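Chain residues, written in single-letter form:
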Amino acid sequence: MMRGLLLWLCVFPAWAVVETYTFDTPEQQALYHEMVRELRCVVCQNQNLIESNAPIAQDLRQQLYQMIRYQAATRDDIVGFMTQRYGDFVLYRPPLQANSWLLWFAPVLMFVFGVGLWVQFIRRSQQQGSAHE
Amino acid sequence: MLAEWGVFALICASWMALLLIGLAWWGAQHEQAALIQLAVAAAWSVFLLTGLAFAILIVAFLQDDFSLKYVASHSSIPMPTMFKVSAAWGAHEGSLLLWAWMLTGWVAAVAAKPGKLSAQVHARTLAVLGFVSLGFLLFILFTSSPFERMAQIPEDGLGLNPLLQDIALIMHPPLLYMGYVGLAVSFALALALLWQAHAPREAFAWARSWTLVSWAFLTLGIALGSWWAYYELGWGGWWFWDPVENASLLPWLVATALIHSLLVSEKRGVLVGWTLLLAILAFAMSLVGAFLVRSGVLTSVHAFATDPTRGTFILLYLIVVIGAALALFSYQAPKLAKTKPLAFVSKESALLFNNVLLMVMTASVLLGTLYPLLLDALNLGKLSVGPPYFNAIILPLTVPLALLMGVGVFIRWREDRVRRLSRVLLWAGLLSGLCVLMGALWVLPDVEGWLVAGVGLSAWVALTASYALWHHARNSGRLSLPSFGAMLAHIGFAMLMLGVTLSSLYGVEKDVRLAPGEHYALNQYQLSFVSVAQDAGANYLTTQARLRLYRGGELVNELHPEKRLYIGHKMPMSEVAIEAGLFHDVYVALGEPLDDQGAWSFRIQYKPFIRGIWLGALLMAIGGLIAVWGRYRRVSA
Amino acid sequence: MTRSAWPFIGFVLLVLLFSIGLMLNPREVPSPLLNQPAPSLQGNVLGSSELFDGHAYTNQVWLLNVWASWCSGCLSEHPHIVAAKQRYPDMTWIGLNYKDSATPAQAWLAQHGNPYQTVIEDPSGRLGLDWGILGVPETFLIDAQGRVRAKWQGVISEARLQQEIIPAWQALNAETER
Numbered sequence: 000m001m002r003g004l005l006l007w008l009c010v011f012p013a014w015a016v017v018e019t020y021t022f023d024t025p026e027q028q029a030l031y032h033e034m035v036r037e038l039r040c041v042v043c044q045n046q047n048l049i050e051s052n053a054p055i056a057q058d059l060r061q062q063l064y065q066m067i068r069y070q071a072a073t074r075d076d077i078v079g080f081m082t083q084r085y086g087d088f089v090l091y092r093p094p095l096q097a098n099s100w101l102l103w104f105a106p107v108l109m110f111v112f113g114v115g116l117w118v119q120f121i122r123r124s125q126q127q128g129s130a131h132e
Numbered sequence: 000m001l002a003e004w005g006v007f008a009l010i011c012a013s014w015m016a017l018l019l020i021g022l023a024w025w026g027a028q029h030e031q032a033a034l035i036q037l038a039v040a041a042a043w044s045v046f047l048l049t050g051l052a053f054a055i056l057i058v059a060f061l062q063d064d065f066s067l068k069y070v071a072s073h074s075s076i077p078m079p080t081m082f083k084v085s086a087a088w089g090a091h092e093g094s095l096l097l098w099a100w101m102l103t104g105w106v107a108a109v110a111a112k113p114g115k116l117s118a119q120v121h122a123r124t125l126a127v128l129g130f131v132s133l134g135f136l137l138f139i140l141f142t143s144s145p146f147e148r149m150a151q152i153p154e155d156g157l158g159l160n161p162l163l164q165d166i167a168l169i170m171h172p173p174l175l176y177m178g179y180v181g182l183a184v185s186f187a188l189a190l191a192l193l194w195q196a197h198a199p200r201e202a203f204a205w206a207r208s209w210t211l212v213s214w215a216f217l218t219l220g221i222a223l224g225s226w227w228a229y230y231e232l233g234w235g236g237w238w239f240w241d242p243v244e245n246a247s248l249l250p251w252l253v254a255t256a257l258i259h260s261l262l263v264s265e266k267r268g269v270l271v272g273w274t275l276l277l278a279i280l281a282f283a284m285s286l287v288g289a290f291l292v293r294s295g296v297l298t299s300v301h302a303f304a305t306d307p308t309r310g311t312f313i314l315l316y317l318i319v320v321i322g323a324a325l326a327l328f329s330y331q332a333p334k335l336a337k338t339k340p341l342a343f344v345s346k347e348s349a350l351l352f353n354n355v356l357l358m359v360m361t362a363s364v365l366l367g368t369l370y371p372l373l374l375d376a377l378n379l380g381k382l383s384v385g386p387p388y389f390n391a392i393i394l395p396l397t398v399p400l401a402l403l404m405g406v407g408v409f410i411r412w413r414e415d416r417v418r419r420l421s422r423v424l425l426w427a428g429l430l431s432g433l434c435v436l437m438g439a440l441w442v443l444p445d446v447e448g449w450l451v452a453g454v455g456l457s458a459w460v461a462l463t464a465s466y467a468l469w470h471h472a473r474n475s476g477r478l479s480l481p482s483f484g485a486m487l488a489h490i491g492f493a494m495l496m497l498g499v500t501l502s503s504l505y506g507v508e509k510d511v512r513l514a515p516g517e518h519y520a521l522n523q524y525q526l527s528f529v530s531v532a533q534d535a536g537a538n539y540l541t542t543q544a545r546l547r548l549y550r551g552g553e554l555v556n557e558l559h560p561e562k563r564l565y566i567g568h569k570m571p572m573s574e575v576a577i578e579a580g581l582f583h584d585v586y587v588a589l590g591e592p593l594d595d596q597g598a599w600s601f602r603i604q605y606k607p608f609i610r611g612i613w614l615g616a617l618l619m620a621i622g623g624l625i626a627v628w629g630r631y632r633r634v635s636a
Numbered sequence: 000m001t002r003s004a005w006p007f008i009g010f011v012l013l014v015l016l017f018s019i020g021l022m023l024n025p026r027e028v029p030s031p032l033l034n035q036p037a038p039s040l041q042g043n044v045l046g047s048s049e050l051f052d053g054h055a056y057t058n059q060v061w062l063l064n065v066w067a068s069w070c071s072g073c074l075s076e077h078p079h080i081v082a083a084k085q086r087y088p089d090m091t092w093i094g095l096n097y098k099d100s101a102t103p104a105q106a107w108l109a110q111h112g113n114p115y116q117t118v119i120e121d122p123s124g125r126l127g128l129d130w131g132i133l134g135v136p137e138t139f140l141i142d143a144q145g146r147v148r149a150k151w152q153g154v155i156s157e158a159r160l161q162q163e164i165i166p167a168w169q170a171l172n173a174e175t176e177r
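Chains as they are written, first to last, in numbering that gives the first Met the number 0: chain A, 0 to 132; chain B, 0 to 636; chain C, 0 to 177.
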């Protein structure tokens, strides 16, 4: 019941809303293109800003454009602006903080651990093998 | 009335599956060949009965039988026949029936082809497969029957989601499911081997062929899905690290590791426990993927209509099947451990290292996919984990993996010498460096770190594979099909890496405003916007733009990007226009009308060598199938 | 305990996570504004050029209801807000008229009743952006120190109003009086 009434629910993505924003410098353009992919459309299933046609995604794209072109916003400014309003949920690149240490460092640890296991496995096989002979 | 027969067929299939389990298990315990023969017959009857149910569902779609809830919500009268058929597996219930049918098909094939398996192992494998099938059949019957009737019969159905009315998406799920359920075969064999705590090499040889086939299907299925996303969703991406995509990548990664460790266990009789564990994990990942996609615990663009009861059922199934398997593994695996001494510089060790890398990738993708759920469950906040994370983790891991691929194809079994190896590899390394240099000098606009890595490693993998093949053919005096297949798969992977590197580093993406008669220059091309017109298709209205693509003043092609409005659906859909070439695509999506002068917005993209991604995947799959074919011929010769 | 039991243990943990996951809703995202100072609320009063400053409401508990005349959810929750205002006349409701224009908005209020102390215009959605609005309707509860204490996304049903919003408002009032 509640779901049906909420206007902000998105439909399956299918149609590209294309704005023709122009920028003063290639750096601005690059920043825009990076950020529309790294920011999540907060009301959608799992889409970034450029893929979404939800009204709020259009608003946020426009906001991004304004910030980048007219307020010389940096990446940090934009991330700060967005998280202040929508929380960390809006970032597809989770910031490195207490609740994401595991996320960022576990792959490195697993790699080290895996290599360790590899070495140990082969060493042990050599010891066992020579014990057999 | 027909639909009731469908339910009846499924009920019969379930009973036959139960019979299959009993016969096969009893036959194996008491070494009764006659019972095992009966079990084989039971396996075939399960397959035929499930197939009958699936055929009845398709007939219901063709007859527009809207008294069935499933048909009414996913089909409609004006839909083309092709899509009525494919709508049968367009949503949860029907796709599950397809899963079950394919699974029982694999079971029937296993029943028919025992190969060199001992009768006992063959029968136990069948028993496990019967159990796995029974679970699926009960899942359909109890929570997800596509044959459910409705009290009020509508005049017309709701129609299939227009995004799914597409040829690639007709093929994508069946291929993917073939791969998922095919992994059940090596899973079942692993349990049979663990049960008797003895794993002969022939068993691994047998499992390798089956795993290669399902791996090839999985590869094709994933590639097709990615290709579909590229041309259908309208923004030119081909991989989004969405949970549903990750759900298909996880079993693929484990299956890739499994193929390589099976090779070691087959040739050298080592890593036995590890290989059996991988066989369990590969199928476990298929089921975990099914759980993630169909339970609604994660948000995804592609998710099925989710339902907690389905989630609960899959979870129970996962607990019973995988839990039991891993419990058996923990109890029986120590009895298997008879490790021969391995040398650090040997093919065994290189392939084991490849497994380590692939499993670290698997674990990282799983961690990234589940992390939002983990935080939420521990009440530690809400995070999103998206492409920037996965790229940051997976790309660096592909570097050692690709390097190892080059070493792995040359290194000798048992023990090799570093000096011999480095002499062989030096040439490949120098040539790869030359490729990067030539590319940097003549072809590519600018050079940066990932480019050097991507191009260099692609060249490295492709060169080492080709050289190894040549080397092998020269030494043995003939071309062996299995190694040809393997090297083709490696070359396919190199192509995929090159496609990813070039299209992501040198792709151009522009959002532009064009009025009729205006031009836009895109690298060596010129696009000129001619006009926009309205038209109607079978079940949609369309706004179609005409653009002409010129190269050096000469007309290359006319492009027609569209925006379609399907009947009964409110949201318009983009149909992009692509001028596809082997070396680059020009990709045009139609945006919105901008003003009274007839100007429209367009998203125009230039994608260098993006075809390499799917061609590479295709080569990998073909390579896998050639290898199986070669092995089959060798066995039967 | 041998090493061969590790995969089983890992699997048990995974299953545990999945079972908890089945009870959670991944779409529920809490507002980062909770217990933070409310964003500024400066805009024109609906249909006039008079400037409204949200800081005028410090030292009292108030509710901000984001609505629009084009929003069907707003229409279905509106009678409950009007009724609540009648029952508790000292309940301060401020309206934020989101992405709307003055004429239809005023007509809408004239037709369906106006429970708001003041309605502020937000035709461009700029204020909505500062408040992290995902869509209309949404309702915020702000305490006397000017901090956001609760947020309700979507339609206010009668049950939600009686069981969540009014008790929360009363609790804040009690807190302020102490």
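Worth double-checking, as some hints may not be accurate.
[As the list claims (entries may be wrong)] Simulated crosslink set (DSBU-like; lysine-lysine; CA at most 30 Å straight-line):
#1 569/B - 84/C
#2 68/B - 569/B
#3 266/B - 112/B
#4 381/B - 266/B
#5 381/B - 98/C
#6 115/B - 334/B
#7 98/C - 84/C
#8 150/C - 381/B
#9 84/C - 150/C
Bear in mind the hints are in silico, worked out from the structure with no lab data behind them. On a predicted model such as this, the values are computed, not experimentally measured, just so you know.
Hint check:
no.: 1; hint: 569/B - 84/C; in the structure: violated, 38 Å
no.: 2; hint: 68/B - 569/B; in the structure: holds, 22 Å
no.: 3; hint: 266/B - 112/B; in the structure: holds, 22 Å
no.: 4; hint: 381/B - 266/B; in the structure: violated, 48 Å
no.: 5; hint: 381/B - 98/C; in the structure: holds, 28 Å
no.: 6; hint: 115/B - 334/B; in the structure: holds, 23 Å
no.: 7; hint: 98/C - 84/C; in the structure: holds, 24 Å
no.: 8; hint: 150/C - 381/B; in the structure: holds, 16 Å
no.: 9; hint: 84/C - 150/C; in the structure: holds, 19 Å
Hint compliance for this structure: hints 1, 4 are not met, and every other hint is.
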